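**Q** This is what each chain is made of:
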Amino acid sequence: MPVFNLCLKIFRRNWLAVFIYVAIFVAISVTIAITSVHDQSSGNGFTQQKAKIAFISEEKTPLTEGFRQELAKHADFVSIPDSKEQLQDALFFRQVTYVLRIPKGFTKNILDGGTMQIEKTIVPESVENAYIDIDVQQYWNLARLYVRHDPGLTQEQLTERLRQNLDGDTPVRMNVHEHAKTKDSFSMYYFNFLSYALSAILIMGISTVMIVFNKQDLRRRIFCSPSSPLKVNLQIILADLLFAAVALVALVGFCFLLDAKSFTTPNMPYFLVNAVAFTACITSLSFLVGNLLNNLSAMSGVCNILTLGPSFISGVFVPQEFLNDTVLKIASFTPTYWYVQANTKIAKLTDFDWQNLRPVFTSTLILLTFTAAFAALSLVVGKRKRLME
Amino acid sequence: MFRHVFVYRFKYLIRDRELVFWTFVFPVILASFFYMAFFNINKDEAFHPINVAVVYGGEEQYDAPFKAVIEDASKGKDKLFNLKDATSQSDAEQWLKKGRIAGYFTSGETVKLTIKDSELEQSIMKSFADQYRSSRLAVQRIAQDHPDSLKEELLKDIGNRGNYVKETAGGNSEPDSMLNYFYALIAMACFYGSFWGMKEVTDIQADISDRAARVNTAPVHKLLAFIAGSAAALVILFTEMLLLLAYLNFALHISFGNRAGLVILTALTGSVLGLSFGALISAIVKKGAGMKVAILTVATMIGSFLSGMMYMDMKYLIARYVPFLAWLNPVNLLTDAFYALYYYDSLSHYVRTMGMMCIFILLFCTGTYLIVRRRKYAGL
Chain U
1 MPVFNLCLKI
11 FRRNWLAVFI
21 YVAIFVAISV
31 TIAITSVHDQ
41 SSGNGFTQQK
51 AKIAFISEEK
61 TPLTEGFRQE
71 LAKHADFVSI
81 PDSKEQLQDA
91 LFFRQVTYVL
101 RIPKGFTKNI
111 LDGGTMQIEK
121 TIVPESVENA
131 YIDIDVQQYW
141 NLARLYVRHD
151 PGLTQEQLTE
161 RLRQNLDGDT
171 PVRMNVHEHA
181 KTKDSFSMYY
191 FNFLSYALSA
201 ILIMGISTVM
211 IVFNKQDLRR
221 RIFCSPSSPL
231 KVNLQIILAD
241 LLFAAVALVA
251 LVGFCFLLDA
261 KSFTTPNMPY
271 FLVNAVAFTA
281 CITSLSFLVG
291 NLLNNLSAMS
301 GVCNILTLGP
311 SFISGVFVPQ
321 EFLNDTVLKI
331 ASFTPTYWYV
341 QANTKIAKLT
351 DFDWQNLRPV
361 FTSTLILLTF
371 TAAFAALSLV
381 VGKRKRLME
Chain V
1 MFRHVFVYRF
11 KYLIRDRELV
21 FWTFVFPVIL
31 ASFFYMAFFN
41 INKDEAFHPI
51 NVAVVYGGEE
61 QYDAPFKAVI
71 EDASKGKDKL
81 FNLKDATSQS
91 DAEQWLKKGR
101 IAGYFTSGET
111 VKLTIKDSEL
121 EQSIMKSFAD
131 QYRSSRLAVQ
141 RIAQDHPDSL
151 KEELLKDIGN
161 RGNYVKETAG
171 GNSEPDSMLN
181 YFYALIAMAC
191 FYGSFWGMKE
201 VTDIQADISD
211 RAARVNTAPV
221 HKLLAFIAGS
231 AAALVILFTE
241 MLLLLAYLNF
251 ALHISFGNRA
261 GLVILTALTG
271 SVLGLSFGAL
281 ISAIVKKGAG
291 MKVAILTVAT
301 MIGSFLSGMM
311 YMDMKYLIAR
321 YVPFLAWLNP
331 VNLLTDAFYA
341 LYYYDSLSHY
351 VRTMGMMCIF
361 ILLFCTGTYL
371 IVRRRKYAGL
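Chain order of the listed sequences is U and V.
So the first sequence is numbered by full-length UniProt numbering: it starts at 1 and just counts up by one.
So the second sequence is numbered by full-length UniProt numbering: it starts at 1 and just counts up by one.
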């Protein structure tokens, strides 16, 4: 099979470019694994997140001390010198996400029924801040309640009352068996990121081969050889499929190395099926790209845009729930969107009945439709190109 | 002579459509994707009311006040919850299992919470229950100590909450982490400019390219030819950066703070940094053009990755655990310089990063000069 062998030779020549993508991909995945995945070992209980805050008080009264102790339940205090530059630095480098400043005279003002406010400087969109706000509001609102309805209390008594009231915790029952092990797990993120690496590798590798075979001289040489065009095409397709399969197995293999636990979950086969469908889809897309382009330098640009673009707007890098609706509508015209949709749904599965699986299969089916469409298009384009000559 | 070389280098460089694509079109397209992806993140609409259910224990004295409070929290524009009424516990269990609610409360002497995940939504639910519990204890205590106090008044007061915290800005601007993606992108574009620098060095070493051999036979001092060519490359790269800045600022409304002059100076420094970096790599690596491009691309990508272009938290991880790396990564220095201009009131942080960048430029230029100078070719 000379054509098949030539294809493999071209793949081998391009190993460096492919290797770069694999390396970058694995590096990003490992970083994500270390930082953004919730600690699964403590997943059996409820854990309230803690915010890192800088607590600056311009006065020290029993009430502010009590407040400080209450706040310590939901916050870790980081001590930072009270200078504007240092505080800005701390917020910038996320040493703290909340700087809280009790102004002088605050306690007296509250005891007199005033409306003085605590000042906060925060990192926007950092989620833990919501708790700190709730705690702050609750403490001083209760203090106000006592001041208005039990004015005889001394400051120490008031602090003690507040401590008693705020003590204790709401009992939380966690239905652990209903919590899908793969939800927000490393595997889910990995399989989402996989779509980026896989499309980059496949488009780059396969379209390189196609561009080589679309060179006029080479094509003419093949035409005068004693093998039929069908056989030639089948050999190219076979080589491309082999390449795609190797890429998929290698990338999934990394996932196995990094998060072997997930491979025993019942969700894993569905992840794999979805990944295979996506691979098929991107393989046929690469065919199309290879048929449309004529030179290698343009390919690198097209490849980058075709892989990065859909990854950004379909929720590979930024989860879909954070994306704008219009952006998502545009994204739904790309296969990556449906792949990510299916992955996110699979990750949450705990019951594997038809009702729950149907949306997953719908997404996978759409992926296969894309595959067929790209394949048909590339056949048309290829044929047209040959006829034009 | 300078003008002559400059003009022809300029014409030659600007016709390289591929390089123009990578240094200008690609960053613009990438910025647009960033914009689409981060469009919503900073907006308030990101918070959707949480779907919850309540199962009442059946004791009126405990159910009624909780019902009043939670119904109040599920009303109006800024509501916290979407409340679903469960007739029985099994109802709520079913909903929870199917993911239709984030969790459910069970009212009683103490309010209980049942959930299946431990995430932000559940934490908010717990805080809500905690708040209810402590408020109720406070009311009980007051009523117990002062049986004569007006219960109506007390309940009205507890619902009528004051606001005890106000936000003040730490400096000129909020620490908006989304901006870092765009600043890192500009830094990446500057470092893609290293391709121009690479081209300049390639075209001055007669054993590397034919064009360089031709230039070497001309009666021009090599340094002069090199400086003229590099000036042409710098003009192109700097113009591209200005256009990119304009696109980011005017089309995508990315803020750069209000020191426009310094922003432009930073872009210029970044362009020089990128060019000199490409020149140095091109001078060191003697192998083919493919190898040079690969090294430049990988170096730029790793630099951008470490300064948080692909993954924001990377920047903070480095600042926390390996702070010296932040100072040794020129891409990160450039990103930080833009951020410092936007974020800090004082210029000290900015001056430090700019100083470090200048040291890098000096290092790159000296290195290139020492390698390229005084080359004579006996035969080609």
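Take the hints with a grain of salt, since some may be wrong.
[Stated by the list, open to error] Derived pair list, reagent style DSS-like, types lysine-lysine, alpha-carbon separation capped at 27 angstroms:
{"id": "1", "chain 1": "V", "residue 1": "K112", "chain 2": "U", "residue 2": "K183"}
{"id": "2", "chain 1": "V", "residue 1": "K77", "chain 2": "U", "residue 2": "K120"}
{"id": "3", "chain 1": "U", "residue 1": "K183", "chain 2": "V", "residue 2": "K166"}
{"id": "4", "chain 1": "U", "residue 1": "K183", "chain 2": "V", "residue 2": "K287"}
{"id": "5", "chain 1": "V", "residue 1": "K112", "chain 2": "V", "residue 2": "K156"}
{"id": "6", "chain 1": "U", "residue 1": "K348", "chain 2": "V", "residue 2": "K287"}
{"id": "7", "chain 1": "V", "residue 1": "K166", "chain 2": "U", "residue 2": "K50"}
{"id": "8", "chain 1": "U", "residue 1": "K345", "chain 2": "U", "residue 2": "K329"}
{"id": "9", "chain 1": "U", "residue 1": "K345", "chain 2": "V", "residue 2": "K77"}
{"id": "10", "chain 1": "U", "residue 1": "K60", "chain 2": "V", "residue 2": "K166"}
{"id": "11", "chain 1": "V", "residue 1": "K286", "chain 2": "U", "residue 2": "K50"}
{"id": "12", "chain 1": "U", "residue 1": "K329", "chain 2": "V", "residue 2": "K98"}
{"id": "13", "chain 1": "U", "residue 1": "K108", "chain 2": "V", "residue 2": "K156"}
{"id": "14", "chain 1": "U", "residue 1": "K348", "chain 2": "V", "residue 2": "K98"}
{"id": "15", "chain 1": "U", "residue 1": "K348", "chain 2": "V", "residue 2": "K222"}
{"id": "16", "chain 1": "U", "residue 1": "K348", "chain 2": "V", "residue 2": "K166"}
{"id": "17", "chain 1": "U", "residue 1": "K84", "chain 2": "V", "residue 2": "K79"}
{"id": "18", "chain 1": "V", "residue 1": "K222", "chain 2": "U", "residue 2": "K261"}
{"id": "19", "chain 1": "U", "residue 1": "K73", "chain 2": "V", "residue 2": "K286"}
{"id": "20", "chain 1": "V", "residue 1": "K156", "chain 2": "V", "residue 2": "K222"}
{"id": "21", "chain 1": "U", "residue 1": "K9", "chain 2": "V", "residue 2": "K98"}
{"id": "22", "chain 1": "U", "residue 1": "K73", "chain 2": "V", "residue 2": "K84"}
{"id": "23", "chain 1": "V", "residue 1": "K77", "chain 2": "U", "residue 2": "K183"}
None of these hints come from the bench; they were simulated from the model.
Values in this document were obtained by computation on a predicted structure and should not be read as measured data.
**Q** Each hint needs a verdict: does it hold in this structure or not?
**A** Okay, the hints, checked on the actual structure:
1. V:K112 x U:K183: Roughly 25 angstroms separates the two Cα atoms, so the pair holds.
2. V:K77 x U:K120: Holds, at about 25 angstroms.
3. U:K183 x V:K166: 36 angstroms, violated
4. U:K183 x V:K287: 48 angstroms, violated
5. V:K112 x V:K156: 25 angstroms, holds
6. U:K348 x V:K287: Status violated; Cα separation ~51 angstroms.
7. V:K166 x U:K50: 21 angstroms, holds
8. U:K345 x U:K329: 18 angstroms, holds
9. U:K345 x V:K77: Roughly 30 angstroms between the alpha carbons, so the hint for U:K345 and V:K77 is violated.
10. U:K60 x V:K166: 20 angstroms, holds
11. V:K286 x U:K50: Violated, because 53 angstroms separates the two Cα atoms, which is more than 27 angstroms.
12. U:K329 x V:K98: 26 angstroms, holds
13. U:K108 x V:K156: Status holds; Cα separation ~24 angstroms.
14. U:K348 x V:K98: 10 angstroms, holds
15. U:K348 x V:K222: 65 angstroms, violated
16. U:K348 x V:K166: With a Cα-Cα distance of about 39 angstroms, the restraint between U:K348 and V:K166 is violated, given a limit of 27 angstroms.
17. U:K84 x V:K79: The given pair, whose Cα atoms are some 36 angstroms apart, is violated under the 27 angstroms limit.
18. V:K222 x U:K261: 62 angstroms, violated
19. U:K73 x V:K286: 61 angstroms, violated
20. V:K156 x V:K222: With a Cα-Cα distance of about 86 angstroms, the restraint between V:K156 and V:K222 is violated, given a limit of 27 angstroms.
21. U:K9 x V:K98: Violated - the C-alpha atoms of V:K98 and U:K9 are around 51 angstroms apart, more than 27 angstroms.
22. U:K73 x V:K84: 31 angstroms, violated
23. V:K77 x U:K183: 31 angstroms, violated
The structure fails to meet hints 3, 4, 6, 9, 11, 15, 16, 17, 18, 19, 20, 21, 22, 23 from the earlier list, while all remaining hints are met.
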